[in-house]
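*Asks:* Sequence:
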Amino acid sequence: MTCTQAMTLGEIVTTDFRAAAVLERYGLDFCCRGGRTLEQSCRDAGVNAHNVLEELAAIESAPADGTPAFNEWTAPALVDRIVTKHHAYVRDALPVLLAHSRKIAQVHGSRHPELVRVAELVEQVAAEMTTHMMKEEHILFPYIVELASAAESGRPLPSAPFGTVDNPIRMMEAEHESAGNAMYEIRELTDGYVVPSDGCATYTVCLRELEAFEKDLHTHVHLENNILFPKASALERVK
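Under the working numbering, the sequence shown is numbered contiguously, ending at residue 239.
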C-alpha cells in the first residue's frame, strides 16, 4: 500500500498498524477521528503532510517486525484481544488515575487551576468507560461472536434485540468520541502532558499515566471503530 493524503487515518492504520506510531508522534487521532483524511487532519493540526507521508513510506518499505495485522483477525479474536488487553487495562488504570488527578488538583489547583478541570474530565471518562465496557461485554460483543459463529457454520444469523448490529455500534462510536474528546481536552489543558517546574512527583506520574491511557485508548478505539465494527456489519449482511 502507498499512503496518500486522500486516505483516512483509519484506513492507513488498518492497513499497517505500524503507521499508528507515526500518526501518534504528530498528534493525529486515527481512532475517534479516523474517518478524516490525512490531508484534512494535517491541515487542522498544522502539520506538514509531506513529512508524515515520508515517514509512512519508510515504514512501508521496512521489513515486517511482528506487529499484528489486526485487519486479518477474525471478529471473535478481536473481541478477545479488546476485552483481555484493553478493557483490562482501563479497569486497572482508572482507580489510579482518579486518585492521582484528584490529588494534584487539590495540591496544585490554586497555582494550576486547569488541574481541577482535568480531574473532572477523568471522572467523566471513568464513569463513561465503565458503563461502556459493560454494554460491550454483555450485549454487543456476545452478539458479534454469535454472528461470526453462525456465518462460519452456515447457520441462520441470530436475531438481534436491537434490530441491527449497526444500532449499538453507532452508540458505542458516539461514546468513543466522547471519551476521545475528553482526553483531547486533557492533552490541551496540560500542554501535551508537560509537567511544570513546580510539579511534584505525583504530578509527573499522573501526566505520564494520562498520556499512556490516551495512547492505549487510541489503539482500543481503532480496533473497534475501524476493524471490529465494520467486520460485524459485514457479517450481519451475510445471507
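Be aware that a few hints might be false.
Claimed, not checked - The calculated lysine to aspartate or glutamate pairs, modelled on EDC-like cross-linking and capped at a C-alpha distance of 20 Å, are:
#1 215 <-> 236
#2 231 <-> 152
#3 231 <-> 39
#4 215 <-> 177
Source of the hints: derived by calculation from the structure; they are not laboratory data.
Here the structure is a predicted model, which is why all the values come from computation and not from measurement.
*Asks:* Now tell me if each hint is right for this structure.
*Replies:* To see whether the hints hold, each was checked on the structure:
1. 215 <-> 236: violated (31 Å)
2. 231 <-> 152: holds (13 Å)
3. 231 <-> 39: violated (26 Å)
4. 215 <-> 177: holds (15 Å)
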